[in-house]
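Asks: Listed in order, the protein sequences are those of chains S and F. Positions 61 to 251 (the numbering used here) are the ones given, in order, by the first sequence. Positions 3 to 250 (the numbering used here) are the ones given, in order, by the second sequence.
It should be emphasised that the hints constitute simulated quantities derived from the structure, not laboratory data. Be careful, since some hints might not be right.
Partner residues are not named here, just some residues of chain S that face chain F (Cβ under 10 Å, in silico) [unchecked claim]:
1) Val181
2) Leu213
3) Asn215
4) Glu216
5) Val217
6) Asn224
7) Asp226
8) Gly230
9) Ala231
Cβ coordinates follow ideal geometry from the N, Cα and C atoms, glycine included.
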Amino acid sequence: MQKATPARSSSGNEAGTQICVKQAEYQIEIMSEDTDTMKKFALAVLIIGSFILFSLVYNHNNNALLPPATTSSANTSNRSSSTSPTPAASSTNTPGATYKDGTYTGSVADAQWGNVQVQVVIQSGKISNVTFLEYPNERDRSVRINQSADPQLINEVIQAQSANVDIVTGATDTSEAFIQSLTDALSQAQA
Amino acid sequence: MKQIRLLMGMPITVEIVDPTAAQDDLEQVFALFVTVDHTFSTYKEDSEIARINRGELAPAQYSADMQTILALSAQTRKETRGYFDIRRNGSIDPSGIVKGWAIQQAAQLLRERGFRHFYIDAGGDIQVVGYNKGYPWHIGIRNPFQRGENVKILALTDRGIATSGTAIRGQHIYDPHQPNTPLLDVASITVIGPNIYEADRFATAAFAMGKEGIRFIARLADFEGYMIDAQARATFTPGFERYVVREP
Numbered sequence: 061m062q063k064a065t066p067a068r069s070s071s072g073n074e075a076g077t078q079i080c081v082k083q084a085e086y087q088i089e090i091m092s093e094d095t096d097t098m099k100k101f102a103l104a105v106l107i108i109g110s111f112i113l114f115s116l117v118y119n120h121n122n123n124a125l126l127p128p129a130t131t132s133s134a135n136t137s138n139r140s141s142s143t144s145p146t147p148a149a150s151s152t153n154t155p156g157a158t159y160k161d162g163t164y165t166g167s168v169a170d171a172q173w174g175n176v177q178v179q180v181v182i183q184s185g186k187i188s189n190v191t192f193l194e195y196p197n198e199r200d201r202s203v204r205i206n207q208s209a210d211p212q213l214i215n216e217v218i219q220a221q222s223a224n225v226d227i228v229t230g231a232t233d234t235s236e237a238f239i240q241s242l243t244d245a246l247s248q249a250q251a
Numbered sequence: 003m004k005q006i007r008l009l010m011g012m013p014i015t016v017e018i019v020d021p022t023a024a025q026d027d028l029e030q031v032f033a034l035f036v037t038v039d040h041t042f043s044t045y046k047e048d049s050e051i052a053r054i055n056r057g058e059l060a061p062a063q064y065s066a067d068m069q070t071i072l073a074l075s076a077q078t079r080k081e082t083r084g085y086f087d088i089r090r091n092g093s094i095d096p097s098g099i100v101k102g103w104a105i106q107q108a109a110q111l112l113r114e115r116g117f118r119h120f121y122i123d124a125g126g127d128i129q130v131v132g133y134n135k136g137y138p139w140h141i142g143i144r145n146p147f148q149r150g151e152n153v154k155i156l157a158l159t160d161r162g163i164a165t166s167g168t169a170i171r172g173q174h175i176y177d178p179h180q181p182n183t184p185l186l187d188v189a190s191i192t193v194i195g196p197n198i199y200e201a202d203r204f205a206t207a208a209f210a211m212g213k214e215g216i217r218f219i220a221r222l223a224d225f226e227g228y229m230i231d232a233q234a235r236a237t238f239t240p241g242f243e244r245y246v247v248r249e250p
């Protein structure tokens with residue numbers, strides 16, 4: 061029930077929303093060869109969450125999930141790319157498929173703490189993989205620790221932990237920037 | 003027994019360790035979230051909150067849950083010097099308090115059904131009860147800059163833990179005192195409290211306070227906090243370390 065930021069671009073038909081959500085959910089099962097199951101799960105959660113939020117927002121506005129293939133979002137940064145499908149597989153269309161096979165790179169979207177860029181692989185008309193080309197992780201971690209004037213509080217530089225956990229706490233998973241980049245990639249793949 | 007459902011626009015996970023857990027117990031928990039969503043979702047045009055915001059309901063017609071949430075919101079607003087405020091631009095959005103409250107209700111439901119060892123996680127806000135096969139529940143604090151990576155591992159039992167932040171998501175919390183100034187200093191703040199309702203509402207308010215939020219948490223009895231700023235530095239309360247699991 062987190063509040064979403066307003067939807068941005070829009071046009072097209074509403075049916076796209078449903079199709080997209082279904083495909084994402086379906087494909088998550090077989091999505092990766094990623095050995096790190098936690099990453100896989102987090103990504104699955106992110107994608108499902110993103111789509112659901114996205115579809116909610118768009119349904120609410122009676123608009124569609126996907127902008128037209130020719131439009132790139134006005135909010136993406138000027139470093140946005142528009143990779144055409146590779147390999148140039150003869151765009152075989154599986155019956156009922158919405159997307160052409162190939163690899164599509166989304167625009168670079170500003171995620172406030174850095175950029176997000178996703179790449180989507182479409183096989184047999186379905187999403188077979190989603191990878192991050194860019195992620196907001198290039199923070200300067202060598203910043204000098206400034207001891208707070210308040211003696212009660214303690215400072216440290218954050219450090220990755222490797223032990224297994226049962227549960228993870230974090231801010232809600234959906235990322236508008238992720239959605240933006242993914243939408244851009246999928247719009248290129250639209251048949 | 004463990005299950006995940008997508009409700010209220012987020013994954014909700016329920017795990018009950020007690021061997022007597024049955025499918026119906028999980029169904030009851032998920033049904034509770036569905037009901038809460040139908041009442042409080044600002045995205046559903048037929049929700050009670052949407053009808054209130056359109057001026058279609060008089061206060062006398064509000065449901066008991068709605069009255070409870072509005073009262074709790076008003077109380078939290080006072081307790082946080084106005085940093086927690088569900089009012090904006092002439093309408094109300096109690097999302098910042100409903101999630102924690104719903105998890106709390108769900109935990110109560112499971113307790114009443116006799117369960118002693120379980121957790122409920124709604125979009126990263128968690129209530130843990132009892133133990134996981136004899137051990138405290140191990141909870142990772144996600145790195146807001148690096149998905150899939152934890153920066154702290156905590157061992158908790160019978161506590162609520164909630165994280166507010168921008169992470170990579172768009173801004174969803176703002177400072178009611180300066181609604182147009184984005185909150186950029188803090189990447190995330192995690193709050194451990196006596197239960198998830200308390201942890202969630204104060205995490206939301208503390209995030210709206212910016213870097214001062216962690217001091218606010220430090221002043222609260224029975225609460226601990228771990229704040230990560232935009233430069234990937236953490237600031238935490240003195241009692242926080244007792245929950246930390248050290249790397250071997």
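Asks: Each of the hints needs a verdict: does it hold here or not?
Replies: Results for each hint:
Hint on Val181 (chain S) is violated. Least Cβ distance to chain F is approximately 19 Å, over the 10 Å limit. The criterion of a C-beta within 10 Å of any C-beta in chain F is met by Leu213 (chain S), whose closest approach is roughly 5 Å, and the hint holds. For the restraint placing Asn215 (chain S) at the interface with chain F, the shortest Cβ-Cβ distance is roughly 5 Å, inside the 10 Å limit, so the hint holds. Restraint check, Glu216 (chain S) versus chain F: the minimum CB separation of about 5 Å is within 10 Å; hint holds.
Interface hint status for Val217 (chain S): upheld, as the beta-carbon distance to the closest one in chain F is roughly 6 Å, under 10 Å. Checking Asn224 (chain S) against chain F: minimum C-beta separation of about 7 Å stays under 10 Å; hint holds. The beta carbon of Asp226 (chain S) is positioned within 10 Å of a beta carbon in chain F (closest approach about 5 Å), and the interface hint is therefore held. Taken as an interface hint, Gly230 (chain S) checks out: its beta carbon lies about 3 Å from the nearest beta carbon of chain F, inside 10 Å.
Given the 10 Å rule on beta carbons, the hint for Ala231 (chain S) holds: about 4 Å separates it from the nearest Cβ of chain F.
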